[in-house]
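Engineer: Fit the two chains together into the complex; they arrive one by one in their own frames, and the hints show the way.
Protein chains in written order, with my numbering: chain Z, 1090 to 1439; chain B, 46 to 274.
These are calculated hints, taken from the structure and not from any lab test.
Just so it is clear, CB atoms sit at the ideal spot from N, CA and C, and this is done for glycine as well.
A couple of the hints might just be wrong.
What the hints assert, rightly or not - Chain Z regions said to be covered by chain B (calculated; three or more residues, Cβ under 8 Å):
| id | stretch |
| --- | --- |
| 1 | 1094–1101 |
| 2 | 1347–1360 |
| 3 | 1427–1435 |
Stated by the list, open to error - Heads up, simulated DSBU-like pairs for lysine-lysine below, C-alpha to C-alpha not over 35 Å straight-line:
| id | chain 1 | residue 1 | chain 2 | residue 2 |
| --- | --- | --- | --- | --- |
| 4 | B | K55 | Z | K1428 |
| 5 | B | K170 | Z | K1363 |
| 6 | Z | K1156 | Z | K1289 |
| 7 | Z | K1289 | Z | K1140 |
| 8 | Z | K1402 | Z | K1257 |
| 9 | B | K72 | Z | K1357 |
| 10 | Z | K1363 | B | K129 |
| 11 | B | K125 | Z | K1101 |
| 12 | Z | K1357 | B | K226 |
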Amino acid sequence: MFLALRELKQAKLRYFLVCAIMVAILFLVFFITGLAKGLSHADSSSLQSLKADYIVTNKEADGVLVKSELTPKEVKQIQKEVNAHATPIKMYMSSIQQQNKNDLDIMYFAVDTKEYGNLKIIEGKQIHDLKTNEVIVDQSMKQQGYKLNDTLEDKNSKKEYKIAGFTKDNTYSFAPIIFISNKNLNKPQQIYNAVLYSGKKVDVDHFATFSREETVKAMPGYKETQGSFTMMKVFLFIIAAFVSSVFFYILTIQKSHQFGVLKAIGAKSWYIAKGILIQVAILTVLGWGIGTLGIYGIKSILPNTMPFVLPFKLILATGVVFLSLNIIGSMLSVFKVIKADALEAIGRVE
Amino acid sequence: MPAETILEVKNISKSFKDGHSTIEVLKDITFSIQKGEFVAILGPSGSGKSTLLSIIGALLTPSQGHVNIENDTITNYNSKQLTKVRAQRIGFIFQSANLIPYLTVQDQLLLIQNMAKGKRRSSDKKSLELLENLGLSHHRNSYPRSLSGGEKQRVAIARALMNDANLILADEPTASLDSEKGRNVVEMIACEVRNRQKAAIMVTHDHRMIDLCDRVFYMQDGTLVENSK
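For reference, chain B alone in the conformation it holds in the complex (with noise of 0.2 Å):
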């Protein structure tokens, strides 16, 4: 049985004004991502991996080119639609957890289903096992300000795979940890796509992690590169 192809990226070209002249961040980028693969982007700043990033959840749009989704293509949708797309299909993981200051860990994940009007019942479980998963299951009750770092960035792995989103982004989930503690969270996200059977690409510059990902892609002013390992 052929690989599920989750996420489709053709021909992606983005440039912003600036000034009088045009800036060309991304040049005409092209890749897929099957079920269950674990894909790091890495590149140096301002390479044009956040960008990108974007672009893949939602919350831009390409000047060229196309994304699909589960086959659909998301490039035309207005911004309403976009918002329902990162609210159904797609869970992100951001570089400082950024959770939800006066939520507890998981009222964090019950706002995803309050958000998706989803039931009460079933996400209580559904939140009760993730965490669990996580092993954060001590730390329901906690509020955000009392956690370390490394357990912030647990719960923002555990928020976004509350959706039931196929495709996770993670944008640099390492950046605010040290080595130990970064490598624990990639490795988190890692066996979670794997058994969950999801796609995710994670941006980063961190070499160092790049064992735990399925494929690598390198990216350098505005064109992406696959690294086979």
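Chain Z extracted, bound-state conformation (with noise of 0.2 Å):
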């Protein structure tokens, strides 16, 4: 601690710089680690809330719900292989007519309203309680200027219904999530796309059960954009662990006469590496701060409708992999300490 503080007060400009890298980089993971949290959330978050441990829908469908179709006969075998409390959903993309503006994409997912679990209601009704004209519709249609009990008139069924409530963290390929009781649905095509239901995983003959996981993954091009950004992140995370490791790996090679010294006067090698380690630990905390900072700054700043989603647990994961990756990157400079010799300062001019 004496020397770490002492020595990154007197080169101030040489620490700012390795710390300012450390900050462009922290904001650039943050950002994309936000973009790929929100793009995530608008493209699946229906899906991931499902009141559902698991999702069984027909072999073909690979895990795509709205590729899968049920008939009534295959949904009732279903429940009664799974022998738990399990409930069909039926999933569609439709639009919503709306005045002086384009249609509105949505989806429907129309379910036995008094077997479907509670969902998350932010406002208005419990799906429940709902009539048959009555919806509950994801909060994102509020920034299209819905409220609760406005009307919605579908395009192609020319249907109205009423929003009774909102709920959160349902969207569906960015379109809101409208539930919907299934007694809307045309008798005769009553064709549902998936059963869910909660306990432990049953596989059914002639169908296929899959967990929410395994549906959020098998969306189409889910799995393509979030490995992308997954690599980004781990280049950035690589990249900044050796930026570091070099940075301070050239600043012990400059040293390590001085280190020679230090031991020739009684130094143990672990008094020198714990210096390293704190400015390391120092300069990366600061640099997480700042780039905590700079993130939040632009979150503030960026449109609603941007998918961004960061919650500080995530900022505080990436933050203690950030350390321990510099950390271990500077286990280098650890062992060039130790290395260092402490007779290089008896009989030699600096």
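Structural biologist: Here it is as structure tokens:
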């Protein structure tokens, strides 16, 4: 501590520069993380919020819910087999007629409102209290100007529904979800997409069972998008760890004579190494703090419609990973310190 | 009362491997130093002075023979124990002051206490007293870069005294100074050694300083000869 702080204070510019690199990289990591999470949320939050542990679809859909089709007979068969409280769901895209504006693309989740689990309601009624012509919609529709008790007109069926409640975390492919009673479905083509249930995983013959996460990953393009973001993050982490390791390594090499002198006057290797580790930790935490302030600043001026979700937990986790990588990288310098020879101090000029 | 022996060197030899042959740098060296004595070791470069000083200073171990500091044989110590010996029982003064560039003059001294996990308050007082003694009080908060060569070497002397070691080792302390400033520095070492009753060894090739020392040894081709003054 004694050496670390005094050196930081004396060589401000040098350490400011490396800290600035860390801030820049962390800011980018935060931004990409927020964007990845935001896109994932807009894409699939409705699937992640499904009230079920497992989802049963037909075999051909490969986990893509919208591609699966189940007849009422098949639904009954699955319900019997899983031996748990199971409820079918029908998902279909449509659009809402809007005055003086483009139509709004939406996704219906038609469910048995009496059987379906509680939604995260932020305003209005819970799903069990819905009447047939009432719906619960995702809060993102508020940005389009919709309010409680507004009436929606479906463009295809021309049916009208009343907004009885707002829920959150329910979007699919950037479209808001509208929860609707399955009584609105036309009887003859009452084809469902999947059966939801909670409990143990059951493999139903002739059908396929997926966890929620699996259905999310099966969404077209989901894995590819998230995978690209993950790759960017990993590379940024590696670059940052390299920059800081090399910086401290070069400083350490430059100071190896000085470390020799310190050892000659009785400093243990650990005493010197501790100083380097403290410096790495201080600079990383400082860079993390400034990067966090920066990302919150940017977040506050981003438009609401931009998919950007960055919980503090994620920022914290990023910081921990970043710090660990930098500490691991600084082991290179620590190793060099251990090898610094006290004999260097004797019999030669600086 | 007989004088107290601080350092005893017994039959020290040191050889290095150089390719297929071995070079014997030190050959059977024996001497001892009492409390309050200031000893000079003179000799041409390559004569083995620095090697001898490194062995006494617990930086190298001899091939044969023993080094006793205050009646403890340090020859068989492991590197951890040797580090402790250097930290607690030896004060080093190097060729060029070898100060830490980002520490103020007073911090150079406090560093010694910090390494030994000493108490801050007593070391504060002690460092101030040492700086006062060596005429450095006004430079307390200066950094090494703003000091002259002589002043830097005086800080190094103060640093060597900071751990209250009984043995002071100086490796060519005047090498980077002109003769007047060099003499000044050696006078200061001599004065501190006598006042504080330390034992000190100075390795040098500067014959003009030997009148300040109590005993003078000559080193030639690995052997040490005492020269009565």
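Engineer: All the hints need checking, so say for each whether the structure fits it.
Structural biologist: Taking the hints in turn, this is what the structure says about them:
Under a criterion of three residues with beta carbons nearer than 8 Å to beta carbons of chain B, the stated coverage of the stretch 1094–1101 of chain Z is upheld, 5 such residues being counted. Coverage of the stretch 1347–1360 of chain Z by chain B holds in this model, with 10 residues showing a Cβ closer than 8 Å to a Cβ of that chain against a need of three. A stretch counts as covered by a chain when three or more of its residues have a beta carbon under 8 Å from one of that chain; for the stretch 1427–1435 of chain Z and chain B the count is 4, and the coverage holds. Distance restraint check for B:K55 and Z:K1428: the Cα-Cα separation of roughly 30 Å lies within the 35 Å cut-off, and the hinted pair is therefore satisfied.
Annotation: proposed proximity of B:K170 to Z:K1363 holds, straight-line Cα distance about 27 Å (limit 35 Å). A hinted pair counts as satisfied when its Cα atoms are at most 35 Å apart, and Z:K1156 with Z:K1289 qualifies at roughly 24 Å. Under the criterion of a C-alpha separation no larger than 35 Å, the hint pairing Z:K1289 with Z:K1140 is consistent with the structure, at around 14 Å. Distance check on the hinted pair: Z:K1402 and Z:K1257 sit about 20 Å apart at the alpha-carbon level, within 35 Å; holds.
A C-alpha spacing of about 31 Å is found between B:K72 and Z:K1357, which places the hinted pair at or below 35 Å, so the restraint holds. For the hint pairing Z:K1363 with B:K129, the CA-to-CA distance comes to about 18 Å; that is within 35 Å, so the pair holds. A C-alpha spacing of about 34 Å is found between B:K125 and Z:K1101, which places the hinted pair at or below 35 Å, so the restraint holds. With a CA separation close to 33 Å, the supplied pair Z:K1357 and B:K226 stays within the 35 Å bound.
Hint violations for this structure: none, all hints satisfied.
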